[in-house]
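For the record, the sequence lines run as chains G and Z. The first sequence runs contiguously to residue 453 in the working numbering. The second sequence runs contiguously to residue 453 in the working numbering.
Quick caveat, the hints were computed from the structure, so don't treat them as lab data. One thing to keep in mind: the hints can contain errors.
Which copy? The list can't say, so a pair holds if one copy fits it or any two copies do.
[To be verified] Computed list of lysine to any residue pairs in SDA-like fashion (alpha-carbon distance at most 25 Å, straight line):
(1) Lys46 to Thr325
(2) Lys46 to Glu92
(3) Lys46 to Glu65
Owing to the predicted nature of the structure, the values given are computational and were not obtained by experimental measurement.
Protein chains: 2
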Amino acid sequence: MATSPVRSNRPKTRGAVFDLIRAARSISRVELAASSGLTPPTISGLVRDLMIEGLVVEAGRGVSTGGKPPTLLQLNPSARYSVGVQLERNTCVIVVIDLAGHRVARTSFRGTAQMPPEHALPFLAAQVNAILDAVAVDRGKVLGVGLVSYGPQDRHAGLLLSPQPTGEWLDYPVAPRLAEILGMPVLLDNDAAAAAIGEYWLGTVDPCSAYGCIYMATGIGGGVVVAGEVYRGSSSNSVEIGHISIDVHGDECSCGNRGCLENYAGPAAVVRQALTGPGLAEQLALDPAGTDFLHDFARIAAAANAGHPQARPLIEQSARYLGCAAVTITSLFDLDLIVLAGPSFTVAGSIYQTLIQQEVDRRTFARRAHPVRVVPSVSGPDAAAIGGAVLVLQSELTAGRTRAQDGAAPGVAEVTQSI
Amino acid sequence: MATSPVRSNRPKTRGAVFDLIRAARSISRVELAASSGLTPPTISGLVRDLMIEGLVVEAGRGVSTGGKPPTLLQLNPSARYSVGVQLERNTCVIVVIDLAGHRVARTSFRGTAQMPPEHALPFLAAQVNAILDAVAVDRGKVLGVGLVSYGPQDRHAGLLLSPQPTGEWLDYPVAPRLAEILGMPVLLDNDAAAAAIGEYWLGTVDPCSAYGCIYMATGIGGGVVVAGEVYRGSSSNSVEIGHISIDVHGDECSCGNRGCLENYAGPAAVVRQALTGPGLAEQLALDPAGTDFLHDFARIAAAANAGHPQARPLIEQSARYLGCAAVTITSLFDLDLIVLAGPSFTVAGSIYQTLIQQEVDRRTFARRAHPVRVVPSVSGPDAAAIGGAVLVLQSELTAGRTRAQDGAAPGVAEVTQSI
Chain G
35 MATSPVRSNR PKTRGAVFDL IRAARSISRV ELAASSGLTP PTISGLVRDL MIEGLVVEAG
95 RGVSTGGKPP TLLQLNPSAR YSVGVQLERN TCVIVVIDLA GHRVARTSFR GTAQMPPEHA
155 LPFLAAQVNA ILDAVAVDRG KVLGVGLVSY GPQDRHAGLL LSPQPTGEWL DYPVAPRLAE
215 ILGMPVLLDN DAAAAAIGEY WLGTVDPCSA YGCIYMATGI GGGVVVAGEV YRGSSSNSVE
275 IGHISIDVHG DECSCGNRGC LENYAGPAAV VRQALTGPGL AEQLALDPAG TDFLHDFARI
335 AAAANAGHPQ ARPLIEQSAR YLGCAAVTIT SLFDLDLIVL AGPSFTVAGS IYQTLIQQEV
395 DRRTFARRAH PVRVVPSVSG PDAAAIGGAV LVLQSELTAG RTRAQDGAAP GVAEVTQSI
Chain Z
35 MATSPVRSNR PKTRGAVFDL IRAARSISRV ELAASSGLTP PTISGLVRDL MIEGLVVEAG
95 RGVSTGGKPP TLLQLNPSAR YSVGVQLERN TCVIVVIDLA GHRVARTSFR GTAQMPPEHA
155 LPFLAAQVNA ILDAVAVDRG KVLGVGLVSY GPQDRHAGLL LSPQPTGEWL DYPVAPRLAE
215 ILGMPVLLDN DAAAAAIGEY WLGTVDPCSA YGCIYMATGI GGGVVVAGEV YRGSSSNSVE
275 IGHISIDVHG DECSCGNRGC LENYAGPAAV VRQALTGPGL AEQLALDPAG TDFLHDFARI
335 AAAANAGHPQ ARPLIEQSAR YLGCAAVTIT SLFDLDLIVL AGPSFTVAGS IYQTLIQQEV
395 DRRTFARRAH PVRVVPSVSG PDAAAIGGAV LVLQSELTAG RTRAQDGAAP GVAEVTQSI
């Protein structure tokens, strides 16, 4: 937060023009001037810089408005790449995306959470190098790594302020250490905030929208984006929706709060519920020890989709609880859109979308002012990893700092492994 | 939200420099250049403009850092004024403030809520004219009126989107109508958002802070300010904390949501509770019909302060409920400060401050990242009206748009009446 209120505007302006081209997909210099409020000569100069760096290319001509048809500008997707690494309690996802935010490679594996950080991070680095080799991306065009995980975090120091998955991770400098091993810039951010900004870069939301993302994997996180910027608050530990109270008289949570959403609506809570009804546990062959509860949650979600009379109410109840929290963030942040992202929405996403939409329509305070849509993320289970990579593109490019070089597009690889 | 991402920077820069002088109270041109990141010649030019408009004056010399001691710059408090009008269900408060945000006149009265808007607004206009005459402020120096009330609102059209106090107010163009009668610009905003920004202008919060305001009068509202800007969201209907659910299984509220904070912690809820214990109702001479519940709430709060064995637990319970909501906004907006403002905190403010601080310390998710302080507003019961006037100063001056003229300061008047 401690930035001076006035900054040199040049890189910001260049970054904003780049972002307009990205958002428009295809736009003329005249349209750029109109939508940026900048003069045509300024636009021409900035576009020239962006073309010299290979970030923007001319692509055909638009419709004539009298004179000669204007030349259209587009992003050059293969000009830059970035890597997104999502560190979850149970799985790790690595993606490589191009400048347009499209995934050119993906790998996922389990087990890092069981390792201490001094073993996990060299392993992660090896995986990042392997996937970059697999798609033959020129390292000079890789802007960096976006490492995303749950909160709380010290984003600037690159530390996790949480003892999860194990106490060894608390206060461990994950981002500086990974950067050191990889020899590449690494930024740390919240997985749900990343998932939220990913939607913006991919152009699936109105650039002026104030929208929220509910991210459900092992836990439940949230992110809010206003006019293309992640809402940060005091220390970037915002929108911790999984640990807001939906029941002031509820049980105490390990976080210190009481009646936390996660303990009512999260996968572990749903599985716990399911195990209390032995009939269901046997029919769906759930693990009574609940060790692999994400796997069991997926079985319950699948049964709910199929209309199973005991499974369906469990998922519907989880959706109603999420709906209560969705109403809270909508009424507090005045959102016009809520995006549902993360692996735990994959199977029964349509049930969640329908019921959360119902709750928001019925209960949001400012529903007279404007409607609020509830939609699934375009990136689904990989939303956080893709968002992490997008945060690198956004911080490197729309802030106006770029590297030189340009070249051919790499192939697309898909790797999935388990350790 | 639909503004172009890049705007001409000149007025913004001038506004930012003005805001730095305001925040610093006394600052040299050299210090301005350092903290703004602008060049000394740019600063000199902008300061010259601000002095020509009479907004800024030279005031003595600072400490020498080798050469000749630098000339210090300060705001000229009597250069401009603005009016704040708070329209509440039960009372109306009008204040006149100077450029420094200091109150130079105040009047309050009851009864407007019982009038239809076509009678209430001409009456309000007459009161505004009367108070401006009473303090003999040059009309040319009055930048406008900030009309603040509860939400939801259409801030841009100047409409209330609420059927309170009566159905006639729903969709009534209160701001355009008042502007027409007064012949003065009138902006409409949320009372709690206004109370929040008032603290910033008065210089009682860190300019980089992300802080929230809980405003309790008849109802409970909220506002969040990040680095000196009110958080707006999609339509400026944000932080409606009174209508977030603290009990997912609670009763339905007239707003459509269930388990709303206001019905647990608000003055009416506390009085309702008190009336269930007849002993207390008689001892404190509460009105069984609960018609003047704000008056009865004040009696209960006073008894709680005095340690009354039945009254104290009622206020403490209200404070715990507010604490639950304070934890929610702190964990969602990642706040470092919570300001308690509004008339319903006046009597038992210290009980509320202590217990809300306890809840926040114990339950906020990111408490490892930074502490969160709970403090009373410097403007107390008038926070919303003063904040409304501040919003006028901020929108007219820190956006760089100003009027000419300057002159002597008016006297201070204090009027209180009832109709």
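Each hint, compared with the structure:
1. For the identical chains of this complex, Lys46 and Thr325 are neighbours neither inside a copy (49 Å) nor across copies (56 Å), given an alpha-carbon limit of 25 Å.
2. Taking CA atoms no more than 25 Å apart as the test, Lys46 paired with Glu92 passes inside one copy only; the shortest distance there is 22 Å, against 33 Å between copies.
3. When the C-alpha separation of Lys46 and Glu65 is checked against a cutoff of 25 Å, the pair qualifies both within a copy, at 19 Å, and between copies, at 24 Å.
In terms of the numbered hints stated before, the structure departs from hint 1 and from no other.
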